[in-house]
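J.: Protein sequences, first through last, are from chains Y and Z. So the first sequence is numbered by the working numbering: it starts at 1 and just counts up by one. So the second sequence is numbered by the working numbering: it starts at 1 and just counts up by one.
What the hints contain is simulated information worked out from the structure, not anything from laboratory work. Even for Gly, the Cβ is constructed at its ideal location relative to N, Cα and C. Do not rely on the hints blindly, as some may be mistaken.
[As the list claims (entries may be wrong)] Stretches of chain Z that chain Y covers, calculated by requiring three or more beta carbons in the stretch to come under 8 angstroms of a beta carbon on chain Y: (1) 30-43; (2) 56-63; (3) 81-89; (4) 274-280.
Read off the chains here:
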Amino acid sequence: MDNFSTLIGGIAGDGINEAGLTVARLFSRLGYHIYMYYDYPSLIRGGHNFSIVRASRQKIAAHMDQIDVLIALNQETVEKHLSRLKHSSFVIYDADKVKLDDTMHRGCGLNITQILKEATAPPVMKNSCIIGGYCKVVGLDWPILEDVLKKHIPKMHELNMQVARQGYDQAVQFCGIDRSADSHFEKQTQKPIITGNQAISLGLIKAGLGAYVAYPMTPSSSVLDFMAKYGPEVGLKVIHPESEIAVMLMAQGFAYAGVKAAIGTSGGGFCLMTEGLSLAGMAEMPVVVVMAQRTGPSTGLPTYTAQSDLHFVLNAGQGEFPRFIVAPGDAEEAYFWAGLALNLAWKFQVPAFILTDKIVSESQYSFDIDKAGDLTSGRKEQASQAPVLWDGQGEYKRYRYTNTGVSPLAFPPQKGQVIKTNSYTHDESGITSEDPQITRETCDKRQRKGQFLDADLERYETVKVFGNEKSKTALLCWGSNKGVCIEAALKLGLRVIFVLVLSPFPERKLKSALQGVERLLAVECNSTGQLARLAGFYGIKTRTEF
Amino acid sequence: MNPKDLATIAKNTWCPGCGNFSIMSALRMVLAELDSEGFPVENVVLVSGIGCHAKIVDYMNVNSFYSIHGRTLPAAFAIKIANPHLKVICFSGDGDSLAEGLDHLIFAAKRNVDITMILHDNRVYGLTTGQYTPTSPQGFKGKSTPTGTREHPLNPLELMLVSGASYIARGYTHGIEQLQKLFKEAILHKGFSFVDVLQVCVSYNNQYESYNKWTYTVQGNDDSSFEEAQKIIRSWNYDRSEVPIPLGKFYEIDAERFDQSFPEYEPNLSEIDSKIKMLLENFI
Chain Y
1 MDNFSTLIGG IAGDGINEAG LTVARLFSRL GYHIYMYYDY PSLIRGGHNF
51 SIVRASRQKI AAHMDQIDVL IALNQETVEK HLSRLKHSSF VIYDADKVKL
101 DDTMHRGCGL NITQILKEAT APPVMKNSCI IGGYCKVVGL DWPILEDVLK
151 KHIPKMHELN MQVARQGYDQ AVQFCGIDRS ADSHFEKQTQ KPIITGNQAI
201 SLGLIKAGLG AYVAYPMTPS SSVLDFMAKY GPEVGLKVIH PESEIAVMLM
251 AQGFAYAGVK AAIGTSGGGF CLMTEGLSLA GMAEMPVVVV MAQRTGPSTG
301 LPTYTAQSDL HFVLNAGQGE FPRFIVAPGD AEEAYFWAGL ALNLAWKFQV
351 PAFILTDKIV SESQYSFDID KAGDLTSGRK EQASQAPVLW DGQGEYKRYR
401 YTNTGVSPLA FPPQKGQVIK TNSYTHDESG ITSEDPQITR ETCDKRQRKG
451 QFLDADLERY ETVKVFGNEK SKTALLCWGS NKGVCIEAAL KLGLRVIFVL
501 VLSPFPERKL KSALQGVERL LAVECNSTGQ LARLAGFYGI KTRTEF
Chain Z
1 MNPKDLATIA KNTWCPGCGN FSIMSALRMV LAELDSEGFP VENVVLVSGI
51 GCHAKIVDYM NVNSFYSIHG RTLPAAFAIK IANPHLKVIC FSGDGDSLAE
101 GLDHLIFAAK RNVDITMILH DNRVYGLTTG QYTPTSPQGF KGKSTPTGTR
151 EHPLNPLELM LVSGASYIAR GYTHGIEQLQ KLFKEAILHK GFSFVDVLQV
201 CVSYNNQYES YNKWTYTVQG NDDSSFEEAQ KIIRSWNYDR SEVPIPLGKF
251 YEIDAERFDQ SFPEYEPNLS EIDSKIKMLL ENFI
C-alpha cells in the first residue's frame, strides 16, 4: 500500500496521543514514513480526542481526511468520523461502549471491559488491548507490537502483553499490511518519530543552546517540556519564570553574559514580549523566539492551528530594526532552521524567529537527522555561522561602528574593559546619547546589519520549488502547508513555491522561482492572505480566494 | 582603586541636590573598596530600569545593562544564572519596580537569587515630571492626581519580607556612610538583598526636612528575627510622616537560593552529536 491511515479516538484522558504514537511506531518498524495529526480540545478530562496516523511509502507532512481503519474507544468517535470511512474501511471498537451498524460498515468489536476485568488490568490498558486487536486486523506480526510496547510502555509489561494478546486473539484479520510492505518498496531504516517542537529543540541544542526560558502556552509548551526533561543532560539551563515579559528579558540577560538562549510562546504570550523584543532591536541582543501560532484573536482556539500572526511577528516592537524569520514546513526543516536561527541571531546580533503553528509544532513526523542539513557542531561554529568576537585588542566598545554594522562581542568579566548595553539610543561605548549624528549612525548601523543578513542568506535555500516546475499555475505557501501543497500539486501537475524565510524577504529568489508562472494561488490558514499581502509589497500578484 | 576612576565621560543631568548623587558616591566607594579587597570591579554588572535612578549606569565606568522600565530584575537574574561569578547589582525606582515591574520584584525575592536591588525610593515620578508612585502618601498631589491620590502607599520592605528576600535594609541619601555600610553588606550577602533608599527628589518631592526630623537608625535589633523585622518595618508605612522612620539593617538570614539549583556544568561539546543520537533513540 502506498498510504495507510488509521484514526484512533476516545475521550481526553484516554491517552489517545500515546496510543496514536504506538500505531505510528508499528508502521515505522515496517519502514514506512509517518505523519500523525493529534486533535484535542482545550481541556484535561472528557471531550473528544483523536489521532490520525498516516503511514506512507513517500515522505509526508500531512494527514488525509479519509481513513482505512477506525479505532473507536467510544461511541462519539464512530459518530464523529463516519464520514471519513471509505467503502473498504474497517472499524475496530470497544464492544462494551460502542454500537456499530454492521449492515453499513465492516468491523469487529472487542469485549475490552471483560478482558481487563479478567486480567485485573488498570483501565488505561484498554489502549494496549485494542491495539493488540488492531495488529490482527491489519495483519501486523505480533513481535512488532511486543517490541514497541516493551520499549515505550515498560511498566507492567507482562500484564500489558497479556491484555494485548487477548485483543489480538479476539479480533479478525482484515488486511495484510506488512506483507505488501515488505516486498514492494524500499524501506527506510527505522527513524525516530518526533514533533516539530522536539525537532526545534534538538536543532537549538545542536547549535549550542545554553539556556531555554519560557512561560507555558499551547502550542509551544512542549518545547519547554522537552528542554526541561532532556536539557540538563546537555548542560542546558531551563527556566520557567513569572511571565513572558520576564522570559524575553531573561533571554537578553543570558545573551549579555555570553550564553545562547532561546524562548518560546504563542500569540498572546508574544504580545507581552514585544516590549522586550524592541529592546533586543536597540541593544542588538541575539535572542531566538519559537513563536507557535494558534487561532486568534486573543485566547481564540488554544489547541487549533492558524497562520495569522505573520504580520504581527514581522512588525512587532516599536522602532525599526532587522529581524530573521523562518517558517519551517516539516521536522527536518524545523531542526536545521532552528539551529541556523540561533547561529544567525548571534552572527548578526538580531532577534530570530522560528515561526510555526499547531500543525508543525505538535504533529509527529518520521525524522531523518542525516537529511536535515549541516548545522554547526556544538558551540564550535563553522566560520559561516560563527558570531564575531572581540579580538582583545585596544579599548572595547560594545557598539563599535563597522562596515557590516555588526560590532564584535565580548562578555563580562574583561579585565580593564567595560561592557555596556543600553535600551536608549547610545554611542559606540553604549552610553546614552541624544546627539542627532549618533542617532543617525546607530539607525544606519542597524539597517546595515539587515542588509548583511539578507546577503548572507543567499547561500541558503530560502525559497523552495516542488512539483511540476514547468507548470504555469503555482501554489504559493509557507509553514505547515508545505506538505499538503506538495501532495496536491503532484496530483494536479502544479508547481509549488514554498517560502521558507519570511524576513529578510527573499525577493530575488522568489521572483526567480516564479518565472513562467501565469496564475499564482496563495494557500494559507488565515482569512486575509498574509504571505500574499507580503509578496504584493514586492509587486508579486496572487489570486486569493476565500 | 580610586572611586573617581569609576566615573565616565557622560554629562551628569541629575538636578543639583538630587539624592541620586549620594547613592552614586556611596556605590563608587563600595566598589573601589571591594576591588581592593579581592572582588574585582570587572566582575560587577550594574542593571538599571528607566527613570532618573537609571542614569547611574551611564555615570559608572562599570559593566552595565541599561534595561527598560520595570525590567531590571529578569535581566539581572539571567546574568547571575549565566555566570555565578559575577556580582549583579540592580538599581530601580519606586515607579520602576513597585508599579511596572512588581511581579519581577516579588519573584526575585521568592527565588532568593543572589543579586542586590537598590531602590531609589523618591516616592514620585521624576523623569515624567511629578506623578504619584506606589510609595507616595495618600493625598499626594501630583500631576496625575491634582486633588490628591486616594490610594494608600505600599510598604516595599514588608512586601520583601513576606516574599522571601533574605537581606532587607533602609538607608537615606543624607546618610552616605550608612549607605556605604548597607550597600557593602547587601552586595556581600548571599541571596536576594534589598535596600530601600529614601532618596530625596529636590524638584518634585523634597522631603529633606521631614526625613531629617523623623529618621533614626535602629540599634541592637535581632535582624535574624522575622517578627522583629516585621515590627520595625511596620512602624512606618510610608503614609503618615509624623512618626519615627527607622533606618539600618532590619533583616538578614541565610536561606536556600534559586541560583544554587544550577550546577556549574559545561557539557563536553564533542559529545553533542552522540548525545542527540542517544536522545533520538527514545523516539524510535
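J.: Of the numbered hints stated previously, which ones are contradicted by the structure, given in increasing order?
T.: The structure breaks none of the hints.
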